[in-house]
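There are 2 protein chains.
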Amino acid sequence: MLSDEHFMRQALRQAERAFESGEVPIGAVVVSDFQIIGKGYNQTEMLQDPTAHAEMIAITAACQHLGSKYLPECSIYVTVEPCVMCAGALRWAQLGRIIYGVAEPKTGFGRLGAGIVHPRTLITTGLMEEECKALMQEFFRKRRG
Amino acid sequence: MLSDEHFMRQALRQAERAFESGEVPIGAVVVSDFQIIGKGYNQTEMLQDPTAHAEMIAITAACQHLGSKYLPECSIYVTVEPCVMCAGALRWAQLGRIIYGVAEPKTGFGRLGAGIVHPRTLITTGLMEEECKALMQEFFRKRRG
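Residue numbers (the numbering used here), protein chains in the order written: chain A, 1 to 145; chain B, 1 to 145.
Hint data in this document are derived by calculation from the structure and do not stem from the laboratory.
Everything numeric in this text was worked out from a predicted model, so none of it was measured.
Because identical chains share one entry, a pair is satisfied inside a single copy or across any pair of copies.
Taking lysine to any residue and the SDA-like style, the derived pairs with C-alpha atoms no more than 20 Å apart in a straight line are:
1) Lys106 to Arg120
2) Lys69 to Gly22
3) Lys69 to Arg143
4) Lys106 to Phe139
Kindly produce the complete structure, drawing on both the sequences and the hints.
See the structure below:
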């Protein structure tokens, strides 16, 4: 049985693709029945589109795959705490579970309370936190440098 | 000089396109210097994509038009109060002004406080409220009937 760590590692791979493209390194995968059915990485710079977050791209891809705009049987693994926009999208899609790596106190949805996501959505935080955080720190250190 | 009513009427036309497609009738236009540079209507059913709200489509289109992911000089006219997802997107895009027709107490961003949008964003509510509301009411009456 594939573990949470396995899927977060896949989300991290997506984040690394963002990093290599000069984007804030955040990645996400949507999993249904132990299979990845949607993935994405932050592409806001490349597309000059503020809505092109990893989670948004992964949700849209997963919905296309299932032919449904609801994902209650799915989990999303995302390297960084989703922002308010993405949490709103996760609510509309009724994700079964959200697993994120590192908290983002400034823009993360948590500051508005967990009520922002669907009441049936389970939330797991801090999975592979160090790896997810290290990638972000490296990115911002390079950008400042 | 084109008025707020003029642009809200264009947003209503977008909402009517949603209505005709069997979608919850919400429409939006993004305006820069009295010119529409992005428009959209709710397409969540057609695309089976929970992120395909009128505002998201209009923001992406406007950013494509300007080649920028920021829209501080732009106004968005939307027939119904934006949801949390769309308000999050409007914050990222740093919209100069948000003008909406009718409040949506259940899913609108207002229930989370105005702090959800960018601090410099001006908000105008209730423009052509009756027309925007009537279209929504007709849609839900038909759907129930």
